[in-house]
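Novice: Those letters in the sequence shown? Residues 1 to 106, by UniProt numbering.
Quick caveat, the hints were computed from the structure, so don't treat them as lab data.
Only a predicted model underlies this, so the values are computations on that prediction, with no experimental measurement involved.
Hints are supplied without guarantee of correctness; some may be wrong.
Calculated lysine to any residue pairs in the SDA-like style (CA-CA distance at most 20 angstroms, straight line) [unchecked claim]:
(1) LYS83 <-> GLY48
(2) LYS83 <-> THR30
(3) LYS83 <-> CYS99
(4) LYS83 <-> ALA34
(5) LYS83 <-> GLN37
(6) LYS83 <-> GLU38
(7) LYS83 <-> THR72
(8) LYS83 <-> GLY41
(9) LYS83 <-> ALA45
(10) LYS83 <-> PRO31
(11) LYS83 <-> VAL51
(12) LYS83 <-> LEU39
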Amino acid sequence: MIPIRQAGIGDRRPRAQAAIFIVDPGQNPTPAPALLQELFGLTAAEAGLAVEIGRGDGIQAAADRLAISGNTARTHLARIFEKTGTGRQAELVRLLAQCSLPAPPD
Numbered sequence: 001m002i003p004i005r006q007a008g009i010g011d012r013r014p015r016a017q018a019a020i021f022i023v024d025p026g027q028n029p030t031p032a033p034a035l036l037q038e039l040f041g042l043t044a045a046e047a048g049l050a051v052e053i054g055r056g057d058g059i060q061a062a063a064d065r066l067a068i069s070g071n072t073a074r075t076h077l078a079r080i081f082e083k084t085g086t087g088r089q090a091e092l093v094r095l096l097a098q099c100s101l102p103a104p105p106d
């Protein structure tokens, strides 16, 4: 459930207060890198790593898939934590899941 911004003070029309999205947890949705760049000010490299981390694998597996060193990945991850206000990979994965909207059914 995601809260929706309240209407202005002079607005007396009823407004929605929350949006509920039902997602299949087995799909492990991840947001698009461009969305993460826009929302959190991540660089393209940081956003790419965040997406890989969001898929649930560890930092070294993500670094291997991106063909970067473990040290580079850890540096990017520290900046990702700083920019997203998270401090652990589990927090980051949870945040990324909240940023992901389900794809429309085929």
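Novice: Each hint: holds or not?
Specialist: Checked hints:
1. Between the alpha carbons of LYS83 and GLY48 the distance comes to roughly 14 angstroms, so the proposed pair stays at or under 20 angstroms and holds.
2. The suggested pairing of LYS83 with THR30 holds, with an alpha-carbon distance near 18 angstroms, which does not exceed 20 angstroms.
3. Between LYS83 and CYS99 the alpha-carbon distance is near 15 angstroms, which keeps this suggested pair within the 20 angstroms criterion.
4. Between LYS83 and ALA34 the alpha-carbon distance is near 15 angstroms, which keeps this suggested pair within the 20 angstroms criterion.
5. For the proposed pair LYS83 and GLN37, the alpha carbon gap of about 10 angstroms is at most 20 angstroms, so the pair holds.
6. With a C-alpha separation of about 12 angstroms, the suggested pairing of LYS83 with GLU38 holds against the 20 angstroms cut-off.
7. Distance hint between LYS83 and THR72 is fulfilled; the C-alpha atoms sit about 17 angstroms from each other, no more than 20 angstroms.
8. The suggested pairing of LYS83 with GLY41 holds, with an alpha-carbon distance near 7 angstroms, which does not exceed 20 angstroms.
9. At most 20 angstroms may separate the alpha-carbon atoms for a hinted pair to count; LYS83 and ALA45 meet this at roughly 14 angstroms.
10. For a cut-off of 20 angstroms, the pair hint linking LYS83 to PRO31 stands: about 16 angstroms separates their Cα positions.
11. Among the hinted pairs, LYS83 with VAL51 is consistent with the structure: their alpha-carbon atoms are about 15 angstroms apart, no more than 20 angstroms.
12. Using a Cα cut-off of 20 angstroms, the hinted pair LYS83 and LEU39 holds, with the two alpha carbons roughly 10 angstroms apart.
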